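Chain A is fixed; fit chain B onto it per the hints.
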Amino acid sequence: MNYYARPVARLIDEMGKLPGIGPKTAQRLAFYLLNAPADTALGLARAIKEARASIRYCTVCGNYTDEDPCFICRDERRGRDVLCVVEHPRDVVAMEKTRSFGGLYHVLHGAISPMDGIGPEQLNIRGLLKRLEGRDVCEVILATNPNVEGDATALYLAGLLKPLVPRVTRIAHGLPVGADLEYADEVTLGKSLEGRQEMK
Amino acid sequence: MTVKLYKVEAVVLRARDCGNADKLLILYSKEHGKIKVMAHGASKPASRKRGAVQLFSHSRFLINSGRELDSISQGEVIEMFSYLMEDLEMISYASYLAELVDAIAPEGVPNGPLFELLLTTMRLLVAGDAELLTRAFEIKTIALLGYRPSLEQCAHCQRPPEGRLYFSPAIGGVLCDTCKPADLLALPCNKGVVETLKLILRWHPAKLQQLKIERPARNQIKSLLYEYIRYHLERDLKSAAFISGSGQVRQVLMYKNNLRGSK
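In order, the protein sequence lines correspond to chains A and B.
Residue numbering for the first sequence follows my numbering, starting at 1 and increasing by one per position.
Residue numbering for the second sequence follows my numbering, starting at 1001 and increasing by one per position.
Derived by calculation from the structure, the hints in this document are not laboratory data.
Bear in mind the structure is a predicted one, so any value in this text is a computation, not a measurement.
One or more of the hints may lead you astray.
[Claimed, not checked] Covered stretches of chain B, going by a simulated chain A footprint (3 or more residues, C-beta under 8 Å): (1) 1076 to 1085; (2) 1095 to 1109; (3) 1230 to 1241.
By construction, the Cβ of each residue, glycine as well, lies at the ideal position given by its N, Cα and C atoms.
The following block holds chain A by itself, in its conformation from the complex (with noise of 0.2 Å):
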């Protein structure tokens, strides 16, 4: 049976093929946006189309961007001797919060996974070569998760990369700041020792 107008139908289902929306959650945001200012419920469909329309990777580092090379690539003010690899787009995002980090950065879309089938040539690697060759980078920061993918890709990278770039170094691992000593896992604070600093 319709409960729906074909078009109302229609939204609400575009809008459960988004990543955990239920048929519920829906069905409300297919209302609310019928409810919502004109302004409201146009600028979002316009937003969606114009980053789609415009949005591609960067041919440089692989991050999405709208203008080629992106602006982090353009960025005169940034080092060009130093490169942090990261897994995802988002880890750009996440490495540019800390403001601790004046580089360039390489995207490599994914990790290598040998359960999934995820090998190193469906990653952006081709392109990471590319940029090293004739350059004079001499650092590169493997910012791949802490987990057996990430690993496994920091693994890689860092015997395809040791011996084209002076210094191949790894983030480090331990324990988030303000976390409480009691509550931190086991594997974290073993982590967190192996990687300990000496007091400046």
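Chain B in isolation, oriented as in the chain A frame:
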């Protein structure tokens, strides 16, 4: 409403991101065999479960039974196998062991010896012969789950196998020369390979280091067992292709590094 809690000791076979910070886990437990559970908030930096739910971790869990899916209430790591994460090839082998158990073990059926075999093999991987340990794991696992191939006698005529030997995944073991027409797809093998299969099935994994097997025999054992597993699973295992790939990758890397060194 009563909340039913139960404890398990398990190895994490698969961890998939699900929702914002949740993980859907497939565990192989000592008490309940293969189980699927949700670890809510396990990807958050402050989560106490995070270490226990990492792939390949051997952990103790307190699980909340839910209406549809059970969820992890607490987790404590027993063994992390972190040394496996220091080598891409070891990660590939460990992934293969986990994927094989996930694919072949039925859900909710405990199998203590298989649980122990998985742990023993994971522990020995780094120090031992990873390839041979994996072959032993394959044949022992299929035997423990009731798919043991017939090695002592011809799987078709039940007589001691003589003459040229074949291996038939469909009939379930070794075929003698006379019975070869029963399965035209049977793979050629020889007495030496059959004897080695019997040995690796019988021996404890820790003892396998004493076995010296040449490359051609290793390749033959690998393809026989893999075809046998593939016949029963009716599909390929993704990490199996990755193991051969990672071996090639390592060779390419060594070759490139040697080239650079010689320049």
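Hint by hint, here is what the structure shows:
1. 1076 to 1085: holds (count 5)
2. 1095 to 1109: holds (count 4)
3. 1230 to 1241: holds (count 3)
The structure meets every hint from the earlier list without exception.
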